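**Q** We have chain A already, so just place chain B on it with the hints.
Sequences listed follow chains A and B, in order.
Per this note's numbering, residue 2 is the first one in the first sequence, and the count goes up by one each step.
Per this note's numbering, residue 13 is the first one in the second sequence, and the count goes up by one each step.
It should be emphasised that the hints constitute simulated quantities derived from the structure, not laboratory data.
Each hint can be trusted.
Simulated crosslink set (DSS-like; lysine-lysine; CA at most 27 Å straight-line):
hint : chain 1 : residue 1 : chain 2 : residue 2
1    : A       : 19        : A       : 72
2    : B       : 15        : B       : 121
3    : B       : 15        : B       : 85
4    : B       : 121       : B       : 28
5    : B       : 121       : A       : 66
6    : B       : 15        : A       : 58
7    : A       : 66        : A       : 18
8    : A       : 70        : A       : 18
9    : A       : 58        : B       : 121
These numbers were taken from a predicted model, which means no experiment stands behind them.
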Amino acid sequence: EAQVTQNPRYLITVTGKKLTVTCSQNMNHEYMSWYRQDPGLGLRQIYYSMNVEVTDKGDVPEGYKVSRKEKRNFPLILESPSPNQTSLYFCASSLGQSPDTQYFGPGTRLTVL
Amino acid sequence: AQKITQTQPGMFVQEKEAVTLDCTYDTSDPSYGLFWYKQPSSGEMIFLIYQGSYDQQNATEGRYSLNFQKARKSANLVISASQLGDSAMYFCAMREGRYSGNTPLVFGKGTRLSVIA
Numbered sequence: 002e003a004q005v006t007q008n009p010r011y012l013i014t015v016t017g018k019k020l021t022v023t024c025s026q027n028m029n030h031e032y033m034s035w036y037r038q039d040p041g042l043g044l045r046q047i048y049y050s051m052n053v054e055v056t057d058k059g060d061v062p063e064g065y066k067v068s069r070k071e072k073r074n075f076p077l078i079l080e081s082p083s084p085n086q087t088s089l090y091f092c093a094s095s096l097g098q099s100p101d102t103q104y105f106g107p108g109t110r111l112t113v114l
Numbered sequence: 013a014q015k016i017t018q019t020q021p022g023m024f025v026q027e028k029e030a031v032t033l034d035c036t037y038d039t040s041d042p043s044y045g046l047f048w049y050k051q052p053s054s055g056e057m058i059f060l061i062y063q064g065s066y067d068q069q070n071a072t073e074g075r076y077s078l079n080f081q082k083a084r085k086s087a088n089l090v091i092s093a094s095q096l097g098d099s100a101m102y103f104c105a106m107r108e109g110r111y112s113g114n115t116p117l118v119f120g121k122g123t124r125l126s127v128i129a
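This is chain A alone, in the form it adopts within the complex:
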């Protein structure tokens, strides 16, 4: 089944404790992206990657890191999480060709205490 998977789905952590949210897609998509969703703000892009070893900042990159060492994986790293990073996070992937519909993972709900 073609899908985007994220782990963990739910995470409660404390300020400053490094964490990684994994994202994997099995559709051989070139383009991958991370979003965060907050009430009243919709979804905002954190980082994106056009291909292996190619990443760039989205609208809200502060406090996050990403890497793209393999085409299928695009982990999101929070080196020192803070409470304002409590949010619902989505990974998405797409072919990178028009119309380039993005397909989303199931989401990771993160709470930073």
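**A** Then chain B, alone, in the frame of chain A:
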């Protein structure tokens, strides 16, 4: 300035009736794509329908259709014959530029649709 505006925070519709969810957008790029996503209470984002700026006809996918009015910069989603399972949050989104990958998908703030039996 907001690039995607959804003016209806919440909507109610009777089961089996049609409903229109509004979306206006702002871009100076002649090439762009418009998307609608559904987010049920379980949280996942489900792609519904796509409209390209150069598409001559309005997009349709089953019970979903997109009322694309380019001059007015609107891309309203029409859901026909509403079902209880249509109750969800709906997001309009846009990508500017002919080639994707280097421009983000920009989302509106969403409209919560409630279908009443």
